[in-house]
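My request is simple: use the sequences and hints to build the entire structure.
Protein sequence lines correspond, in order, to chains D and L.
So the first sequence is numbered by my numbering: it starts at 1 and just counts up by one.
So the second sequence is numbered by my numbering: it starts at 535 and just counts up by one.
Calculated from the structure, these hints are not laboratory results.
No false leads were slipped in.
Non-contacting residues of chain L with respect to chain D, defined by C-beta distances greater than 10 Å in every case (computed):
no., residue
1, Arg554
2, Asp598
3, Ser604
4, Val706
5, Met761
6, Thr814
Keeping only pairs whose Cα atoms sit at most 27 Å apart, straight-line, the calculated DSSO-like set for lysine-lysine is:
no., chain 1, residue 1, chain 2, residue 2
7, D, Lys67, D, Lys254
8, L, Lys593, D, Lys375
9, D, Lys212, D, Lys69
10, L, Lys593, L, Lys645
11, D, Lys372, L, Lys593
12, D, Lys254, D, Lys69
13, D, Lys247, L, Lys645
14, D, Lys212, D, Lys352
15, D, Lys67, D, Lys209
16, D, Lys352, L, Lys645
17, D, Lys212, D, Lys247
18, D, Lys352, D, Lys67
19, D, Lys247, D, Lys352
20, D, Lys212, D, Lys282
21, L, Lys645, D, Lys209
Using N, Cα and C, we set each Cβ at its ideal position, and we do this for glycine too.
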Amino acid sequence: MLYFTRWRALAIVATALIVCLFAVPNFFPEKTVQGWPKWAQRHIVLGLDLQGGSHILLEVDSAAVRKDKVEAVRDDVRRVLRDARIGYTGLVARGDSVEVRIREGADAQTGLSKLRELSQPLGGLLDATGRRNLEVSDQGGGLIRLTVTEPAFVDRIRQTVEQSIQIIERRLNELGTVEPTIQRQGVDRILVQVPGLGDPQQILDILGKTAKLTFRLVDQNANVEQALQGRAPPDSEVVYGSQAEGKQPYVLEKRVIVSGEDLTDAQPGFDQRTSEPIVSFKFNTNGARRFAQVTQENVGRPFAIVLDNEVISAPVIREPILGGSGQISGNFTVESANKLAILLRAGALPAKLTPIEQRVVGAGLGQDSIDKGIKSSYVGAAMVVIFMLVTYGLFGLFANVAVLINVAMIFGVLSLLNATLTLPGIAGIVLTVGIAVDSNVLIYERIREEVRAGRSPINAIDAGFTRALATIMDSNITTFIAAAVLFYIGTGPVRGFAVTLGIGIITTVFTAFTLTRLIVAYWVWWWRPKTVPI
Amino acid sequence: MRLLRIVPDDTKFDFMRFRRISFPISAMLSVLAVFLYFNHGLNFGIDFVGGTLIEVQNKSGPADLAKMRSTLSGLGLGEIQLQQFGAPTDVLIRAAQQPGGEAAQQAAVQKIRSALGDEVSYRRIEVVGPRASTEFLATGTIGLVVAIFAILIYLWFRFEWQFALGAMIANVHDLVLTIGFMSVTQIDFDLTSIAALLTILGYSLNDTVVIYDRIREMLRRYKRMPMTDLLNVSINSTLSRSIITHVTVTLALLALFLFGGQAIHSFTATMMFGVVLVGTYTSVFIAAPMLIYLGVGVGRAEAPEPVEAVAEART
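So, in structure tokens, the structure goes:
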């Protein structure tokens, strides 16, 4: 146990040293580190509880996504049957399925086989699981039911989340936030973490809006009173104006002339005559052409600009708008115009996002936490170090050296993993200091016992190590299991604790098996002790 | 230099006899803890019941809690708790979960912020909606159960099943007592509490495993030593290590408790109780003696060992 070949000794020291060296970039200012090679730039990331920032968990409105999906199937059914010139009645979307009745018995088989074509394998041709997006079943009497499968829903929700993440990324970039991280969580969640920013409300405002913009004609033939009672013409619907304007109802055509997807740019500005804040925009070629055509045909009629199902303004078309650009006005403040411009530039979210968890830490509290974390670490480490010296003397010193290297290695591994350090994470390190010496205590107490049992010093040390190491392994694995579970279930600060605890256990076992042994081995080899001084 | 010896070299405490006292005490305390849990409850934080938590710092000197309370209670947000948090300028505001789904929680924050205005700066705002809080509670509970079973399985591989079972009973006992402690003190029970409970589980087992390792070693070496003696010798010979390790862990936790700040106060307090008080007691007085009842060493040809062997084992 006490014999090391020169190469092994060298390998151990080199490993420890290299791992420790990875902690170095943390002690230099970021500017300096940026000039270093890429592999040397890895460093510990401070958690949001230490540097301040916002942690927002958003949930995609899956119910709405499911409903959209079923309605899309309904529209497909309509299209397919029309194209095949098959008469049908009672086309409805009900829950997860669409039902339709083929009118003529003679068409039933053709209709069924046409509709079967809508059922596609999921995940393209390479997916051999045989799952399909639709289950088409003949209910008899010409009634056909198409049920959207669960995997198809999940697929769609995943896509929605992917798209939302891209949009959020664009919006946050437009807002000028520094290094936001946006991740999917589970099936229908998105975790947005933005360091530094003081006011989370700004982010929530930016993320909470779907920003679906449409330009639609006002249906002047419809009677608003009748429409409000639920008797709007089939191709029109009631949309209300903004709260600020008293929620005035408008009857709008369902047909969309141009939508936000056809915008190429949007900028905040001021109206030249009234100097009110406005948002000016540009259409792409496609949008410009359609807008020109519709305005040409409808001079004198009002059209509405609708954002997230709310009419922002409903100006009258005075002359055809051919240039493909225009402006939106409507009770904006400078700030809200700016925000709308950002939203329009970044594009609309495919579904509504609801914040279900939000945690914000101000930079001041973060700095306080860092200071307290550092202070408690120093005090804790100092007390442990002194106690070990008083209890084990020279061997206590060995233990302290091992613990010191241990902590440096924890920082090294954290840097290597670009791990996040949180306040509970610091607590984890302090706790590791208290626990790391345990491996030394186990070894030393065992050596004491072996000495008392009458072994020679070298024999006792050797036996002490041999017997204690098995115990150290067993006892640390139990804690490691707890840390692993914690890592898996925890988020944010708690996960930070699991990380440092877990890494601390690994480095502790490493130092106990190698460094402490190496130090003691060299001491024995150097001094040839007659007694063991513990 | 003379070194400190907290535990004398040759202790011979009869821990096994003490089990006639420690087992009833533990049973009683466990029942009490369960009773407290169901009658007194835990002080669930917003992580598990949802709601809003805002930490503010008064800009002009110490905060006037009474005035703030009257300002906030007029908002119609239900019960609002105010609590001084660390410094006299700092106040922790807690509003219960608002009826009306996720959006209502956000609206509550807005109301509180506009009511307090510019007199305070916001150090921390946390909002946990109904859905997230339900899930946190579920994952937290599942996590604890998974950890207990994962450790049980590991111990089962490394030891005989009696050891695994003994360790698990001992450690569920630890968790139960710690939860009782949290109920008595009404410490905030949030996600970090789950972290504390899992750590207690890990370390308390760490301790138990060290003693069990020794017992296993003794079982192999002294085939005929009476079980009671064998357990006693095992506990006594690891006693010094148990105490010293707990001193170092206590020192580390004490530093965190005293200087780590309010944010991890309940976390460290729980850990001190669980690791330091209960954990040590359990491994010595519960986990090891329990092996007798679980039938470890049954079927050994117990007979007085040769005198020298016992003497050697006891030293």
